[in-house]
Amino acid sequence: MPNINDYAAVVGESVINELYLLAERVQHRTVQNINSTAVGGGVAEILTRMIPLLRQLGVNARWDVIKGNDKFFNITKNIHNALHGAEVRVSKDDWEYLLEVNRENAAELNFSDDIMFIHDPQPIALIEEKQRGNRGKWIWRCHIDVANPRPEVMAFLKPYVERYDCAVFSAPAYCREMGIPQVLVSPSIDPLSDKNKDLPEETIGEVLRRFGIDRDRPVVTQISRFDYLKDPVGVIKVYQKVKKHVDCQLVLAGGGATDDPEGLKVLEEAKSAAAGDPDIHIIFLPPGSDIEVNALQRASTVVLQKSLKEGFGLTVSEALWKARPVIASAVGGIPLQIKHKHSGILTYSIDGTAHYLKQLLHEPKYAQNLGLNGKEHVKNNFLITRHIRDYLLLFLSLYYEGDVVRL
Amino acid sequence: MHNPFHFYTEQHLVKLLGLKARNPAELLDGIKKVPPSSIYYHTHRFLQQHFYLSPEPPNDFAYWFTNVLNFKELGEAFASVDTVEFKNMEALRTEFVKILEGYPVENPVVCPDGQEFYFMACKTFILPTQYIAHDLGEFAEMLARTSVSSLYFHIFEARMRLGRDESDFEAWFKSLGADSLARELSKLDPYTITLEGLREKIISMVRKYAKH
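Quick note, the sequences are listed as chains C and R, same order. Position one of the first sequence corresponds to residue 1 (my numbering), numbered consecutively onward. Position one of the second sequence corresponds to residue 408 (my numbering), numbered consecutively onward.
Simulated from the structure, these hints should not be mistaken for lab results. Take the hints with a grain of salt, since some may be wrong.
To be verified - No farther apart than 16 Å at their CA atoms in a straight line, the calculated lysine to aspartate or glutamate pairs in the EDC-like style are these:
1) C:Lys237 x C:Asp247
2) R:Lys505 x R:Glu603
3) C:Lys379 x R:Glu603
4) R:Lys594 x R:Asp489
5) R:Lys505 x R:Glu483
6) R:Lys494 x R:Asp596
7) C:Lys341 x R:Asp467
8) C:Lys67 x C:Glu100
9) C:Lys309 x C:Asp227
10) R:Lys608 x R:Glu591
11) R:Lys440 x C:Glu177
12) C:Lys309 x R:Asp520
13) R:Lys594 x R:Glu573
14) R:Lys439 x R:Glu508
15) R:Lys427 x C:Asp247
What the hints assert, rightly or not - To give an idea of the interface, some chain R residues facing chain C are shown, with a C-beta separation under 7 Å as derived from the structure:
16) Gln418
17) Leu420
18) Val421
19) Lys422
20) Leu423
21) Gly425
22) Thr473
23) Asn474
24) Asn477
25) Gly521
26) Phe532
27) Leu534
28) Ser554
Backbone N, C-alpha and C define an ideal beta-carbon position, used for all residues, glycine too.
Chain R with its partners taken away, still in its complex shape:
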């Protein structure tokens, strides 16, 4: 008898840190001193808040450099940080510091009033849902009904913030002996796809294996 999969969900309360940046130097200072939950918030917020049909900015820093300060190069450097490669917020913070310290800013920058970068963070609440799957068939059915926050929790939160090497789904698939399904899922880069798109892809993968 295998352990069933219990779907959890998470919700974030956004905290205001009272800290803002008007130029790259102030952003660097801020990135160095904010709590890890702030780095997390600014790099993962878009995933949860924007379920766009078209490509979206990958993080708040990249958006601010590109669209507010018009620093295309820095914007691209921040956008191309492969978040999935970083297992924790300190490693991600170090990468951002490295980019900013290596970028010479010759002229003082004036940020438009009201468009400063405001550092925020989040308090995350994790709670169990009513969905408990005992096999792959049930899993696919419940994944279709659960919220995108639940999907987000099991895919992103487990890997990034709780410091695990794999998503909760992969771990459970392995426990069922569905190693190839786990491998197929691990190849998917969840950061380049909308949450609804991700949900559909995983459901279709799982359904394929559930038939076997």
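Same shape as in the complex, but just chain C:
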């Protein structure tokens, strides 16, 4: 696990120095994070990396996990899907059970910290403890895409959210009118992780050889799990349109649960659409293939992310961080990561994507500039160091009124 000072080589010493400056102002506060899982999933992943880094900066941060049985997690999975907009029913009994499990956990947890940082809906009702004499500040951090939630599910959660001192969302489209301050904290990538760290040329070459990809011809890549929302068949259609003009290869690589019947169906449909074209490489990656993803992104001439729907879409930042030119759909959090024709290309259709792909393959200088701009944008906005800075500012904001604060 990297040390906070290791990031100076990536973002510059002045950025790390300023994290220490901010952290000094938070050191007398204790911060308790609570979520519903210690391993697996994006929230656990970010907390696993974030807590040690905050502690190295001198912030007294800790992390607890609520307990629940299968019934509880089935209910919270339904709530999660409904917040994504899926037509899922959450019954009155389900809500009662969620509250009951939250209360059982509350009886065992310690709420004496200055800042209670509650992640996602599973432990949201712990806020009831605030009324029971916990004098700390309470933050609710929503990591989920709630741009189009089921209204009845949001209606249940909203009164709980409004009892917090502040709510935090990952994209502007996720916030709504509420009686408490709302803050934007975008997710981030870790430049020192296996998926994003610099790789030796030999490693990249070895991965490409293993998958039979020719480095002498342009490589167009989409990294994503095999899911209809990532539109792999649409990506193949884009490639087929472009292939008539440019001799390129397509790599569709990603993971997915092997017991997910829909994932396997999408994979089969992609293979069928590829129609035996030897320049289309459909690669099913097992979990833990971070180095392979890293190498494939670095070896790409252009990276695509032609999703039909997207959460934040951090694969875009991953590719931009490697200075790759990216063409991506203008959905979810992607427009935050790409400013059209400045740090990449935003598209809305197969034809549009094919048009810009041809252009970038024909104009490598322009493509290179987009990639370099994209890298700068990610460096300043979507790395874990920016995420830590936002959390430190968020903690400070709980104690200072006004738009300008002199510390």
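Dock chain R against chain C, hints included.
Here is chain R on its own, set in the frame of chain C:
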């Protein structure tokens, strides 16, 4: 003995206002009612967040009109507002209202889903750094080491948001008697250059005077 120059820095926490616009009329309504820190955020964010190698959009409004609604004329009108001429956010807000009220929109506009204009604002935290310069030589050396946020604070924040006529650097140069250096810096339009480019230019100016 002159007062030393103490480098400060600033950081912004982005606030979500729960207010969005789908067309120019809704944008006008929003611009009229958001707090000054929102006008500030949407006109200055690009300076801090994008350190591009190529020319960049000057503000969020211009970008939205040009790249999302495809309103080139309005986009250009917003892009060409000379932010440096406005000493405070209310004056800038008035200018934006004037542009929008003077622009006839004949057909209702449909903004692509998910590409609406979301009004945001910021809470700014200002704090001192460890860098304190006692002369121009030290100043140039420290400016090279401090963060771009510090540079941003002394050049933009002082002038625009805190309502001063000059940047902190200019004021300090004058206090040292380096009036011509202050004048040279005041001629520089910081809005048309990247922060790293600005840093290099100022360091080279200061080094030239430090040798005298």
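Quick rundown of the hints versus the structure:
1. C:Lys237 x C:Asp247: holds, 15 Å
2. R:Lys505 x R:Glu603: Answer violated: Lys505 of chain R to Glu603 of chain R is near 33 Å, above 16 Å.
3. C:Lys379 x R:Glu603: Given that 16 Å is the threshold and the Cα spacing comes to 14 Å, the pair holds.
4. R:Lys594 x R:Asp489: At roughly 14 Å apart (the allowed maximum being 16 Å), Asp489 of chain R and Lys594 of chain R satisfy the hint.
5. R:Lys505 x R:Glu483: holds, 14 Å
6. R:Lys494 x R:Asp596: Since the Cα atoms of Lys494 of chain R and Asp596 of chain R sit roughly 14 Å apart, the hinted pair holds (cutoff 16 Å).
7. C:Lys341 x R:Asp467: Holds: Lys341 of chain C and Asp467 of chain R sit about 15 Å apart, inside 16 Å.
8. C:Lys67 x C:Glu100: Between Lys67 of chain C and Glu100 of chain C the Cα gap is close to 12 Å, so the pair holds against 16 Å.
9. C:Lys309 x C:Asp227: Between Lys309 of chain C and Asp227 of chain C the Cα gap is close to 11 Å, so the pair holds against 16 Å.
10. R:Lys608 x R:Glu591: holds, 11 Å
11. R:Lys440 x C:Glu177: holds, 15 Å
12. C:Lys309 x R:Asp520: Holds, at about 11 Å.
13. R:Lys594 x R:Glu573: Holds, at roughly 11 Å.
14. R:Lys439 x R:Glu508: Roughly 11 Å separates the two Cα atoms, so the pair holds.
15. R:Lys427 x C:Asp247: With Cα atoms ~44 Å apart, Lys427 of chain R and Asp247 of chain C exceed 16 Å; violated.
16. Gln418: holds, 6 Å
17. Leu420: holds, 4 Å
18. Val421: holds, 4 Å
19. Lys422: This interface hint holds because 6 Å falls under the 7 Å limit.
20. Leu423: holds, 4 Å
21. Gly425: holds, 4 Å
22. Thr473: Thr473 of chain R check fails; min Cβ-Cβ to chain C is 9 Å, beyond 7 Å.
23. Asn474: Because about 5 Å separates Asn474 of chain R from the closest Cβ in chain C, which is inside the 7 Å limit, the hint holds.
24. Asn477: It is violated, given that the least Cβ distance between Asn477 of chain R and chain C is near 11 Å, above 7 Å.
25. Gly521: holds, 6 Å
26. Phe532: It holds, given that the least Cβ distance between Phe532 of chain R and chain C is near 5 Å, below 7 Å.
27. Leu534: OK, holds: Leu534 of chain R within 7 Å of chain C, min 4 Å.
28. Ser554: holds, 4 Å
Comparing the model with each numbered hint stated earlier shows that hints 2, 15, 22, 24 do not hold.
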